[in-house]
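K.L.:
The lines below spell out each chain.
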Amino acid sequence: MTPFELLEPVSIKEALGLLDPDDPSIRPVGGGTALMLMMKAGVFRPTRLISLRRVGGRLSGIKAGRDGGLTIGAMTPLAALEHSADVARVAPVITRAMRRLSNVRVRNVATVGGAIAHGDPHMDLPPVLIALGASVTVISPTGERTIKVEDVLTGYYETALEKNELIAELTIPAQGARRSAYIKFTAGSFEDWPALGVAVSLEADGDTVRSATVVASAATAKAVRLTGAEGALKGARIDDKTLARAGDAGAQEAEVISDVRGSAPYKRELIRVHVGRAVRQALAQNGATH
Amino acid sequence: MATITGAQGGAKIGSQIGRSLPRLEARDKVSGRAEYTHNLRLPGMLYGKIFRSTIAHGRIKSIDTSAAKKIPGVFRVVTAEDIRTVIPHPYYGPAFHDQPILAIDKVRFVGEPVAVVLASDPHVAEQAVQEIVAEYEELPAIYDEIEAMTSKVFVHDELKPAGAFADLKHLTGRKNTNIALDFKLRRGDVEKGFAESAHVFEHTFHTQKVLHLAFEPFVSIADAKPSAVTIYTSSQGPSFVRVEIARLLGLPENRVRIRVPYVGGGYGSKLYIKLEALVTALSLLSRRPVKISLTMEEQFYQITKHPCTFRIKSGLDKDGRIIARKCEVYWNGGAYADVGPRVTQKSGFTASGPYDIEHVHVDSYALYTNVTPSGALRGFGIPQLVWSYESHTDMIARALKIDPVAFRKKNILRKGQKHATGTPVNDAPLEAILDRIAARLNWGKPFERGNGAVKRGRGLAIAIKAVIAPTTSVAILNVTADGSPILYCGTVDMGQGSDTAMAQIVGEVLNVPAESVRVVPRDTDITPYDMGTLGSRSLFHMGHAVRMAAEEARAKIAALAREVGEPEGSNVPVAELFKKKYGMQAGNIVGSGTYKPDYIAPQPGTGLTTNVAPFWMVAGAGAEIEVDTETGKVSVTRLINVVDCGRPINPKIVETQISGAALMQFGFTMFEKMHIDGGQVTNASLADYKIPGILDVPAVMENETIDSIQTNGPFGAKGVGETATFCVAPAIANAIDDAVGVRLTELPLNAEAVYRAIRAQQNKPLEDE
Chain A
1 MTPFELLEPV SIKEALGLLD PDDPSIRPVG GGTALMLMMK AGVFRPTRLI
51 SLRRVGGRLS GIKAGRDGGL TIGAMTPLAA LEHSADVARV APVITRAMRR
101 LSNVRVRNVA TVGGAIAHGD PHMDLPPVLI ALGASVTVIS PTGERTIKVE
151 DVLTGYYETA LEKNELIAEL TIPAQGARRS AYIKFTAGSF EDWPALGVAV
201 SLEADGDTVR SATVVASAAT AKAVRLTGAE GALKGARIDD KTLARAGDAG
251 AQEAEVISDV RGSAPYKREL IRVHVGRAVR QALAQNGATH
Chain B
1001 MATITGAQGG AKIGSQIGRS LPRLEARDKV SGRAEYTHNL RLPGMLYGKI
1051 FRSTIAHGRI KSIDTSAAKK IPGVFRVVTA EDIRTVIPHP YYGPAFHDQP
1101 ILAIDKVRFV GEPVAVVLAS DPHVAEQAVQ EIVAEYEELP AIYDEIEAMT
1151 SKVFVHDELK PAGAFADLKH LTGRKNTNIA LDFKLRRGDV EKGFAESAHV
1201 FEHTFHTQKV LHLAFEPFVS IADAKPSAVT IYTSSQGPSF VRVEIARLLG
1251 LPENRVRIRV PYVGGGYGSK LYIKLEALVT ALSLLSRRPV KISLTMEEQF
1301 YQITKHPCTF RIKSGLDKDG RIIARKCEVY WNGGAYADVG PRVTQKSGFT
1351 ASGPYDIEHV HVDSYALYTN VTPSGALRGF GIPQLVWSYE SHTDMIARAL
1401 KIDPVAFRKK NILRKGQKHA TGTPVNDAPL EAILDRIAAR LNWGKPFERG
1451 NGAVKRGRGL AIAIKAVIAP TTSVAILNVT ADGSPILYCG TVDMGQGSDT
1501 AMAQIVGEVL NVPAESVRVV PRDTDITPYD MGTLGSRSLF HMGHAVRMAA
1551 EEARAKIAAL AREVGEPEGS NVPVAELFKK KYGMQAGNIV GSGTYKPDYI
1601 APQPGTGLTT NVAPFWMVAG AGAEIEVDTE TGKVSVTRLI NVVDCGRPIN
1651 PKIVETQISG AALMQFGFTM FEKMHIDGGQ VTNASLADYK IPGILDVPAV
1701 MENETIDSIQ TNGPFGAKGV GETATFCVAP AIANAIDDAV GVRLTELPLN
1751 AEAVYRAIRA QQNKPLEDE
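In order, the protein sequence lines correspond to chains A and B.
In this text, residue positions in the first sequence follow our numbering: the first is 1, and each later residue adds one.
In this text, residue positions in the second sequence follow our numbering: the first is 1001, and each later residue adds one.
Each hint should be verified, as a subset may be incorrect.
[What the hints assert, rightly or not] Calculated pairs, DSSO-like style, for lysine-lysine (alpha carbon to alpha carbon, straight line, at most 27 angstroms): (1) 1455(B) with 1152(B); (2) 1673(B) with 40(A); (3) 1455(B) with 241(A).
Keep in mind that the hints were calculated from the coordinates and are not lab data.
Given these sequences and hints, build the entire structure.
P.N.:
This is the structure we're talking about:
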């Protein structure tokens, strides 16, 4: 790694003031677990990193809302999500996903905001958050705005965030009777980045789906909703035929990419199989409380 | 020299052999006290960072270092031109003197060192490396070993054998070729055998490029002066490093000192010269100590395992006896030979497998290509060969509808029979191992086949290796005046527990606890010659040398007792004997031992010899697996390893060597692969190249040593560091075939490969990219 300047502002205002939208070598950093890999590989050589770890305030903590939702500070480490009783109650799919999200060393340091802002399609949290209908509040020197997580991610390592914006917090709405599941498929080592992630969140009357959100990640350039699969599930009775239809729709619509974890045709087959498997896992969950 | 006396195979043993003693250094390691080269800093030391080639093959037109030199804190930027001012002929290598310390005129693989920045701050050096600009005239490149056989692209203009090996001399000066060695073994008449065969089978197998990835990456420090040099290095072979550095500098061996503290894993990667020649040249140029520590990512450009293509053809009589076998093995050696020609020859001896075959024909080729060099990796080529011949064995058995165990038993080499080389197979309990694997698998009994999308299967494999020969080990044992023994031996403890095993041998001979023996860190000024810590040779060769040194010391202690008037068999402590002799606590008793086994060089042209190696290494593996037929994902639910290591000196360490070796090969079998695109490694980091983690370990692992004695081994023992790597891959591939009826002929056996094979078998092949 080459030398760089590390600044640690203590307020959002100070942090925003240190950003320079015109200089790509100046970047905010959360836990740094992803950025450090890029820096070690020489892909990214910053002149200045603005660490958000001392900012505090809205950027830290997990708050359960009276409406049954959650507000999570962007600098909350993933391990805090993993061990939060509120998260386990509102969105147990997150608690389950954490067990296989990288490793305990990374989870202790990596942050919720970083997982979204990095724009890496292999991350486990974004597809889960999209399935849960989550959104983020971002702050810039001129104000703040709220964006759905699915709209934050615009492409391969690309986001809708402006260069002078920081994610302040994440909001997960109340899940009501919705049940969710996330499947991470690794083609090699158990600890590898996924070849495919599939997140499903659905509401069902008995074995009939009222509505479903289906998200694919890792095999695609960004975590993306599979609306064809969602359509195939909506109003349908869950049986092998429905799941096959949903899997086929997902496989057809997803724009999959080839990489060292698998070819595009193979990943398409993985989607075909895992949409159905994820739906079955979601249905097997006993409501929103686990 | 190998006339063996003293404690042998069946000899009675005392209290130290067979003890599961915890490693002597374990406490220092887990408490952070153990010394590693990585932690060492010398006063005034500079750090070097390497500027590497970004192209696979090309002529160097220019190297612009001007911007790098301007970075504040840069001490110097060095290219090959500078190296030549201190080392006029800067080429090294164990088999060929083909590798330049820094690229000269040409680069031959992506990642080849081209220049070095020196600075007191390693981060400054790294920053300056980014400012170096090299211009190349790109040349066509070759990556594939089969293409290298006939390509008009030549990696080297001329072959330059090192001269140390007689069987390479004929290659001197050869031009227009990428073949660095062509080993031949000829037994009987293979074509006649095929003509007489009722069935002939021919298959081709491939293995991929993988690497060692020791958790301590390569690191070396040199403190060089014109008249003498000291090198601190993470090396498996300090004696070889001394010889080679002395040759490069034109110094006698006693002016070159190689110091090796504990090594954080080697697996064959840290043999011969790696960074040592480079840091030596840099230290001579800068007149300062120089350290280079590679990053984890840079390890992908240092040394790897050989990818291999193996064409194997077998002829069988009507009863299922193999009567003829032809093996053509192509080893992808990368841009520099390293020890590739040795891998090519030594593994070539046993390419036809652990079977009794009348007609055998082996051609084994070492090939130059434009990728990271290949060398030894925990098995010296044997895992690649076993992968092929044991997959082939099952394919034949299935085709002939013979049970795979029965088929192996019909053809297996039994005690006293001659192996393909002509050397009798003794102390190689192949059949006993096969029987144990079969028994553990409940072979022949019903097996749960799975249901739904998940299918289950089981498979097995057996293997043989001839240990590398002939090699020499020397040991010195010093009994101090209070009776505490100090052992000087050059075997490098890189995690395999050799210091503990050697201390146990000393303890056994002197009848003292192994814990009381001090094993000094490797230092060529102090520890005597050893050929290298490689090929599972140390316990046998150095074990004998240590045993002999201890026996000599024991004899001298007995003589001292007689001299001071103690009766025969007296139990007076050694310290008292010294006191009686010298009148105070003074003096030493020094014993030494040198061991080189008998060996008869194979005949040129036929490769035949009646004594190819002092011992055989034999192993078997069994696997039970589940295949998710909808994704191709294979789960190994049970992995059984049965090996022969003679009498285990330390059973607990033996078990960790078996499980460690099996798991390393498990990664190479299931998913590890260096992806190379146009010569570029596209996954050169631990973020993208995964090795097995604890969650990848098969749910059930069973490790067993067969009850046996290596007749000519020290206390009946022999090496076991590599043995459990041999059979893992074919056992799993055979189990996949058993589960879903598809045959994979290329490693790794990853989910996509299995899925594609299943689709192809269903006549619904999955489209390519």
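K.L.:
A separate judgement is required for each hint: does it hold in the structure or not?
P.N.:
Structure-based check of all given hints:
Between residue 1455(B) and residue 1152(B) the alpha-carbon distance is near 47 angstroms, which puts this suggested pair outside the 27 angstroms criterion. Under the criterion of a C-alpha separation no larger than 27 angstroms, the hint pairing residue 1673(B) with residue 40(A) is consistent with the structure, at around 21 angstroms. Taking the CA atoms of residue 1455(B) and residue 241(A), the gap is about 22 angstroms. The hint holds against a cut of 27 angstroms.
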